[in-house]
Amino acid sequence: MLEAHDVFKVYDTRGVETRALDGVSLEIEAGEFTALAGPSGSGKTTLLNLFGALDSATSGSIRLDGQELSELKPAELAHLRLHQLGFVFQAYNLIPVLTARENVEFVMELQGIPAAERRERSLAVLAEVGLADLEAKRPLEMSGGQQQRVAVARAIVTNPRLVLADEPTANLDSHTAERLLDLMEEMNREHGVTFLFSTHDPMVIEKARRVVRLRDGRIFADEARAA
Amino acid sequence: MPIEGALLGTVRGLLRPSTWRIALRNVARNTRRTAIVLTAITVGLSSMLLAMAINYGMIFQMIQTAIRTDLGHVQVHARGWSDQPGIEWTLSQTRTEAGLTPAPGKVLAAAPRVRGEGLVFSPRASVGVRVLGVDPVREAELSAVAASVTEGQYLGSEQRRVVVGERLAERLKVGVGDKVVVSVQDVLGDMTGEAFRIGGTFRTASRDIDEGVVFLRIGEGQALFGLEDAVTEWVLLAEADGDEEALREEVGARLGDEVEVSTWKELRPFLVQMMDMFKQTGWVLYAAIFIAMAFGIANVLLMAVMERIREIGILMAIGMAPGRVVASIVAESIVLTGLGVAGGVALGLFSIEALSGGIDLSRWSEGLVTWGIPPKIVPALPEGELWVPVGIATITALLASLWPAVRAVRIRPAEAVRHI
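Line by line, the protein sequences are chains Y and R. Mapping of the first sequence onto our numbering: position 182 corresponds to residue 182, and the numbering continues sequentially without gaps. Just so we're on the same page, our numbering is the position in the second sequence counted from 1, plus 1000.
What the hints contain is simulated information worked out from the structure, not anything from laboratory work. Ideal Cβ placement from N, Cα and C applies to all residues, glycine included. Treat the hints with care, as some may be off.
[Claimed, not checked] Computed footprint of chain R on chain Y; a stretch qualifies when at least three of its residues, placed anywhere within it, have a C-beta under 8 Å from a C-beta of chain R:
id	stretch
1	15-25
2	52-63
3	187-196
[To be verified] In silico SDA-like links for lysine to any residue, alpha-carbon gap of 25 Å or less:
id	chain 1	residue 1	chain 2	residue 2
4	Y	Lys-73	R	Pro-1382
5	Y	Lys-137	R	Val-1011
6	Y	Lys-73	R	Leu-1014
7	Y	Lys-137	R	Ser-1018
8	Y	Lys-137	R	Arg-1012
9	Y	Lys-73	R	Val-1011
10	Y	Lys-73	R	Ala-1416
11	Y	Lys-137	R	Pro-1017
12	Y	Lys-73	R	Leu-1024
13	Y	Lys-137	R	Arg-1025
14	Y	Lys-207	Y	Ser-40
15	Y	Lys-73	R	Thr-1034
16	Y	Lys-73	R	Trp-1403
17	Y	Lys-73	R	Arg-1025
18	Y	Lys-137	R	Arg-1310
19	Y	Lys-137	R	Trp-1403
20	Y	Lys-137	R	Arg-1068
21	Y	Lys-137	R	Ile-1309
22	Y	Lys-73	R	Leu-1015
23	R	Lys-1279	R	Pro-1382
24	Y	Lys-137	Y	Gly-112
25	Y	Lys-137	R	Val-1107
26	Y	Lys-73	R	Arg-1407
27	Y	Lys-137	R	Arg-1016
28	Y	Lys-73	R	Asn-1030
29	Y	Lys-73	R	Arg-1021
30	Y	Lys-73	R	Thr-1031
31	Y	Lys-137	R	Glu-1307
32	Y	Lys-137	R	Thr-1034
33	Y	Lys-137	R	Glu-1415
34	Y	Lys-73	R	Lys-1279
35	Y	Lys-73	R	Arg-1029
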């Protein structure tokens, strides 16, 4: 499904070059629940961004279902993100001026789904993440955990093939983080949604069925676990 | 990003209700900043509208003064008069009147006149003047002079009476009842003169009329100039301003090639030039206000974009296409400008209405009267004039949003989502 082959990513900050990824090759299959683990600066978020078509590699190849991402134009990349991927970020994931339901609906509106269907699906998915009664709340009226659950609802409402989650539990207490992970695990198990996390949270690493460990921009361990 | 694709995406984005919903909520997000920008637009626009209305009020009143004291909307003269105006270009009063009967559509009043140059003498002074022989009853229907008499009486049945402006009376050092001599060169070129008494004095908003015209009865004017029953002009007043062109066509068709029919615009092109000049001045005012407004809006939107880098990055990450990002900024600009323009137009119209009783400029009346402007200015805005700032404001909003929109589109989602 997702392939990285000999990927390098070098950041140039005022003439100072930083090698974030140093020849990474990795394959992710459909249905995986995988964590990219490593300390800060190890390159896990960079790799996640490349897989999510949010950034481009300095060299190497990133393919999604055989499609080379570097060959796509910005509008085509936006189209790919809209129709095939879902994102959950560390925090402040939501549009503050929209309610929980509107945030979830918005991505469907971008897809051109009719209003009635948008409403039905957004309410269903909010109920699925346990937020049916908060649909009219705006992000600032919700806790961090509730906001992250809305972000998950938004990420899965379009039935994406792959959800990329960048440190989704970083700003949550352990209880809330566990509930969120359980929710994503359930989505993976019941709906077959592929999840790829970047994290250094032991709880996420523990729940992942595959853990790819990075250090200094290189993969140094790739462990598969029993479901 | 191909331009056509981005433009199409922007247009499609602007057609989405959610784009406007988000724009409205974003405008309401930072109330203090929005209030400052809206106040600037509202005050700027309303001040500009009021300034324009005062300008237009002045020029309209100037035109009205000229029409209602001298020109009328349309004048009829013998063909050739406009090449070298003079007493020798005459019309048969009865034949012209027959041609104008029944009165052309939309004519409020019509009056014959005898117009020539002359000198008026008093025991103490003499002044070069225009001598206007008028039919007192008909003239009163189209000229404001009859209603502007301040002392004595307007022309009536009494013989050998003249009416002059207060300023002319002052120069001649005469008053009502005093005797003056009006001397002219008649149609044969001979000098001739008659003695008259001052029957009344008047004051209008025109220094030209107040200081340089002697009004007398048309029969006495004809006798003075040796014209028998001929007149030099017919003056017509239309029912409404703006009808003069149609009236000219109709009168011209009725009276044929022997006459030339002119509108007040042709008789006094200076007034048309003044109106054009006011319009040009208006464009300068519009430009100044809207350039300032454009920078204000661009500044606010740019700040909003910089504040929302992460938010825009997330929107792009979840699949919002560049054109839609541009649409969201453009929509916010239009909402902001729309509210400001609505406020500005409302406040401007309210101010104009509040001053509809007139602005008293009598302190400067000595200067204003030279231009035919009355000392009380009533602001007036032509209907079409209101759409000009609205149209320009919309264009300004679009232009002002381009810079912030380009900044927003250039945001790289991978960096933006990490932005704090």
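We went through each hint and held it up to the structure:
no., hint, in the structure
1, 15-25, "violated (count 0)"
2, 52-63, "holds (count 3)"
3, 187-196, "violated (count 0)"
4, Y:Lys-73 with R:Pro-1382, "violated (51 Å)"
5, Y:Lys-137 with R:Val-1011, "violated (30 Å)"
6, Y:Lys-73 with R:Leu-1014, "holds (22 Å)"
7, Y:Lys-137 with R:Ser-1018, "holds (17 Å)"
8, Y:Lys-137 with R:Arg-1012, "violated (28 Å)"
9, Y:Lys-73 with R:Val-1011, "holds (20 Å)"
10, Y:Lys-73 with R:Ala-1416, "holds (19 Å)"
11, Y:Lys-137 with R:Pro-1017, "holds (20 Å)"
12, Y:Lys-73 with R:Leu-1024, "violated (31 Å)"
13, Y:Lys-137 with R:Arg-1025, "holds (14 Å)"
14, Y:Lys-207 with Y:Ser-40, "holds (20 Å)"
15, Y:Lys-73 with R:Thr-1034, "violated (36 Å)"
16, Y:Lys-73 with R:Trp-1403, "holds (22 Å)"
17, Y:Lys-73 with R:Arg-1025, "violated (31 Å)"
18, Y:Lys-137 with R:Arg-1310, "holds (21 Å)"
19, Y:Lys-137 with R:Trp-1403, "violated (33 Å)"
20, Y:Lys-137 with R:Arg-1068, "violated (68 Å)"
21, Y:Lys-137 with R:Ile-1309, "holds (23 Å)"
22, Y:Lys-73 with R:Leu-1015, "holds (24 Å)"
23, R:Lys-1279 with R:Pro-1382, "holds (11 Å)"
24, Y:Lys-137 with Y:Gly-112, "holds (24 Å)"
25, Y:Lys-137 with R:Val-1107, "violated (68 Å)"
26, Y:Lys-73 with R:Arg-1407, "holds (19 Å)"
27, Y:Lys-137 with R:Arg-1016, "holds (22 Å)"
28, Y:Lys-73 with R:Asn-1030, "violated (35 Å)"
29, Y:Lys-73 with R:Arg-1021, "violated (29 Å)"
30, Y:Lys-73 with R:Thr-1031, "violated (38 Å)"
31, Y:Lys-137 with R:Glu-1307, "holds (22 Å)"
32, Y:Lys-137 with R:Thr-1034, "holds (24 Å)"
33, Y:Lys-137 with R:Glu-1415, "violated (28 Å)"
34, Y:Lys-73 with R:Lys-1279, "violated (49 Å)"
35, Y:Lys-73 with R:Arg-1029, "violated (33 Å)"
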